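Colleague: These protein sequence lines map, in sequence, to chains A and B.
Converting from the first sequence to this note's numbering requires adding 1 to each position, the first position being numbered 1.
Converting from the second sequence to this note's numbering requires adding 91 to each position, the first position being numbered 1.
Please keep in mind that the hints were generated in silico from the structure rather than gathered at the bench.
Fair warning: this is a prediction, and the values are worked out from it, not measured in the lab.
Using 25 Å as the maximum straight-line C-alpha spacing, the simulated DMTMM-like pairs for lysine to aspartate or glutamate come out as follows:
id, chain 1, residue 1, chain 2, residue 2
1, B, K240, A, D309
2, A, K209, A, E226
3, B, K240, A, D302
4, A, K134, B, E352
5, A, K8, B, E189
6, B, K95, B, E350
7, A, K134, B, E353
8, A, K132, B, E350
9, A, K98, A, D78
10, A, K234, B, E351
11, B, K95, A, E127
12, A, K8, B, D188
13, A, K134, B, E351
14, A, K8, B, D196
15, A, K209, B, E352
16, A, K98, A, D273
17, A, K76, A, E56
18, A, K134, B, E350
19, B, K95, B, E352
20, A, K7, B, D188
21, A, K132, B, E352
22, A, K209, B, E350
23, A, K7, B, D196
24, A, K7, B, E189
25, A, K132, B, E353
26, A, K160, B, D142
27, A, K234, B, E353
28, A, K132, B, E351
29, A, K234, B, E350
30, A, K209, B, E351
31, A, K209, B, E353
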Amino acid sequence: MSLAAKKVSRYIIAIIIIFSLNFVIPRAMPGDPLTNLLGEDVILTDSSVTTLRSEMGLDRSFSQQYLDYWRSILKLDLGYSFHRHSPVSDIIFTRMKWTLLLALPSLLLGGVLGTVLGALAGWRCENRSQKMKTAFFLGVYCTPPYFLCLLALYLFSFKFALFPLKGFYDTGSALDIAHHLFLPILVMTLFSLSRNYMIMRGSILQEKSSLYATYARAKGLYDAEILFRHVFKNALLPIITLLAMDFGFILSGALFVEIVFSMDGMGNLIYDALLSRDYPVLQGSFLIITLMVVSANLLADILYSRLDPRVRWH
Amino acid sequence: MMQKFSRLGLFLFLSFVLMAIFSAQLSPYDPWMRFEPYLHPGQEHLLGTNDMGQDILSELIYGSRVSLIVGFGAALMATFIGTIIGLLAGYFRGTTDEILMGITDIFLMIPQIPLIIVIASFLRPSFWLVALLMGSLWWTSTARVVRSKALQVRETGFVQASRALGFSDRHIIFTDVLPNIFHVIMPKFLLSIASAMIAEASISFLGLGDPTMKSWGMMINFAFTRGGFINGYWWWYLTPGLCITLFVLCVVLMGFTWEEEEQATLRLE
Chain A
2 MSLAAKKVSR
12 YIIAIIIIFS
22 LNFVIPRAMP
32 GDPLTNLLGE
42 DVILTDSSVT
52 TLRSEMGLDR
62 SFSQQYLDYW
72 RSILKLDLGY
82 SFHRHSPVSD
92 IIFTRMKWTL
102 LLALPSLLLG
112 GVLGTVLGAL
122 AGWRCENRSQ
132 KMKTAFFLGV
142 YCTPPYFLCL
152 LALYLFSFKF
162 ALFPLKGFYD
172 TGSALDIAHH
182 LFLPILVMTL
192 FSLSRNYMIM
202 RGSILQEKSS
212 LYATYARAKG
222 LYDAEILFRH
232 VFKNALLPII
242 TLLAMDFGFI
252 LSGALFVEIV
262 FSMDGMGNLI
272 YDALLSRDYP
282 VLQGSFLIIT
292 LMVVSANLLA
302 DILYSRLDPR
312 VRWH
Chain B
92 MMQKFSRLGL
102 FLFLSFVLMA
112 IFSAQLSPYD
122 PWMRFEPYLH
132 PGQEHLLGTN
142 DMGQDILSEL
152 IYGSRVSLIV
162 GFGAALMATF
172 IGTIIGLLAG
182 YFRGTTDEIL
192 MGITDIFLMI
202 PQIPLIIVIA
212 SFLRPSFWLV
222 ALLMGSLWWT
232 STARVVRSKA
242 LQVRETGFVQ
252 ASRALGFSDR
262 HIIFTDVLPN
272 IFHVIMPKFL
282 LSIASAMIAE
292 ASISFLGLGD
302 PTMKSWGMMI
312 NFAFTRGGFI
322 NGYWWWYLTP
332 GLCITLFVLC
342 VVLMGFTWEE
352 EEQATLRLE
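The following block holds chain B by itself, in its conformation from the complex (with noise of 0.2 Å):
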């Protein structure tokens, strides 16, 4: 059932990323232009304005980009460090295996987003920080699962050829081994940019995020602090939320259905 709706997450996801790409050519406004506040939305201004008088539709647009720079750069680096861990994990077993897993264990205990409340608490809020911070605690779960990809992969025939043949050991790792788990890595990979998407949003919705970077989770945040929740003013509060939820669904989406398909495979053989 989910391959119907996989095809539509990724056009959803698709046409995301190309507005973040072209936000400059898609919005109607520039997003910190002012105009009357507090407008429905209408002909002029499609989603209408918030306090400011900002059109929402135009920050929606440049919002997106703020939103998706965080959700890929923390999970680019949590899916990188994942990798590399659970890569060594899995191919030298041993100590070392029980070192990183330690590791690993320790960073899945720590409770992030209060973690991440505290550290940003101190320093200027900036959207780099909390990408940088989200990327360095996200990466156990891939870990986990790279390593035992490894475990499985590295007592292969053609490593083992590999090994026989005297080839090093960095050699294997990222020639034979690294490539037959790139199919697990992916969508966790997804699934992580859904986390970080969420996670940055909620840590926005807080005032921890950069004020003057709007990303949707800092409009979320704007209209319940600058009372657009209590007077009903839907569009202000609303859009961001739903662009949030249908990215993270689309993901999501692409995520489950990969992993579904990987696991039917291995069903079949």
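If we strip away everything but chain A, and leave its shape as in the complex, we get (with noise of 0.2 Å):
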């Protein structure tokens, strides 16, 4: 077998089984399979208890409802929330863009500026402000997003009343959404950033004593130079893959950052359906987001082996 189809193969067995986890949570938790798929707030009749019992399918056999899912999968249908009287997919559609407006700018942002940053720290790490920087960076590493936020919506949206407190958009012109969004994607960026420059500055430091940095030097290059045309580009390899796991982890920390500013995007879609116990969506939001993640590795190692010689599909 060939490496590409090793790991397309990989990819399709990661997605049938995380979404056969969708399948199996529910029914193997406590409690009626029937609330467990509809939500825990739904309150029905006996008649259509029994109705909606064969319309979901949950008489029939384990293995029948195992093809019926699958088969309502590729049908794009995630069910339906009876909590807010609309199909799963169309919401999840709606907040998912918000969403995506707030974790890829930040994604964006913080990988360019965290590999940069990350990559001077390690080159002049005996540096005095490189020194005061990483530290600073490491502090926003080791603190938990979310509670950022709080400090960051407390000091300038609380205290000094310069950004917005709340939601993404007032007016709904391109500078008011601008206005509201540039706090959580300041936030958001620092935290990607802190990532990607904690592992960049680790991948330079060791990269640097190696054997052609030494070499580029007695050639009598610029520091600069050598830096960024010969140490950097192998030294953002890992960063690459890192990327792409990371796009899981912004997502996740979006989901706060969101609950933090009551923002309506996927975060508080999921932070609603956690109270009022609306498992459909939370299990369509989670099959969502997953299915992002492994798009995101896919693109990751597609781009890898199109930049890294080394390593090519054949």
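With the hints in hand, could you dock these two chains into one complex?
Modeller: Given below as structure tokens:
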């Protein structure tokens, strides 16, 4: 089997396993599976329980249910939220746009700034100002993201009233949305930046002492030239895989940021679903997030093989 | 530069551990005892009281116990699973390696926090459950590091010698390979404590923690949901957050220093 086929099959297996997990969880957990599938605040009469049970296929055999489950997944049908009176997929797609608007800029900014600043810090690790910077980002790295949000919200929105307290928009103009998004994106960027910073710094520290760097110096190249034309490229490779894995992390982080800033994205959707035990929404969100993380990983793998001539898919 | 900080980190780490062990002796009051609510920090109550009139300092000291147990428990379990899987994959190579690393890759892709949220929403919240779930999800990076180190160690002379002498695989893995990998496992263990504590704090913040057990994360959750934040009672939510950050910081510092020293000795060789 070629490497590409092996990798792709690994992703397919991952998706099958995670989706199956999503099928098993509500049926294996204590309590009536019907309640577990519909959500806990749904009040039903006896007759509607029987009709719903057959409609959801809960009276059929387990294997039949499993096949039905896959059939509906392929039709992009993630179930119906009785709590919100609309199909789960519709709710998630409208909410996901906002979450991505928050997560993607932070991921990109954090990735670019984190690698460049981290590279400088690793390259000039004796420098005093670099040490201060490292200490700062280490502090951010060790703080739970939502706590950082609470602090930022308290300081900038509450005390100094520079930014709005909640939501994605008031009037809906682009400027208004940007004003609302500034603080959350700032915190998320700091959060992803600090992670990339620490890893890039370590990576550069390792590459710095390798022979080709010494040779480049012996040739008489400028310091910055050695860093950005030779060492940076090699140290960057682990970051690409990391960015993909970080995508899941950033997305989870965005959930908490949204809760603190009361923004109507995926985070608050999950939070509300959690409080009202709206299981279809919870599971649907989990599936969509998984799907996104897995595709980000696949993308990173492809990118990696393009950028690193030592790793080629055959 | 990290060495200096790492000594400070060790000192802080030990004081937090002592605080968790002797919380009954150290805390001025019972964390559930009720006094006047919303007291500012003062002489009676060094860090003030919350909405129920409970002493924040005592809550913090008792909270260290819960938070540390969850962090250590999850990290221990994760390190254990990761080490076993990494050792087996690295030592036996071939098909075993393919299968075990395939599983690791799959686990690496599962968004952990959302999965924990889904499972925990179905079950009654308890902090054992959270620790167990985190432990069974967080082992992937340890497994990868242990595997790559095991691949190296298995080719060294003394392992070859024991194999030639006819020792069993189990014997070789545990007496020859494992002790030589131990120094890469320890920093990983420390870093998993850090991520487990941050995750616990996040999950508790969502209200999925154990309401009968006050961890630092639960304290922030209470302060956020019961209006301590809106009213600006900073001593209520700031102190547990700072405790989490400080503890994670000292664990991470020790872990990073260890890893860097490791790489430095590698270079010297």
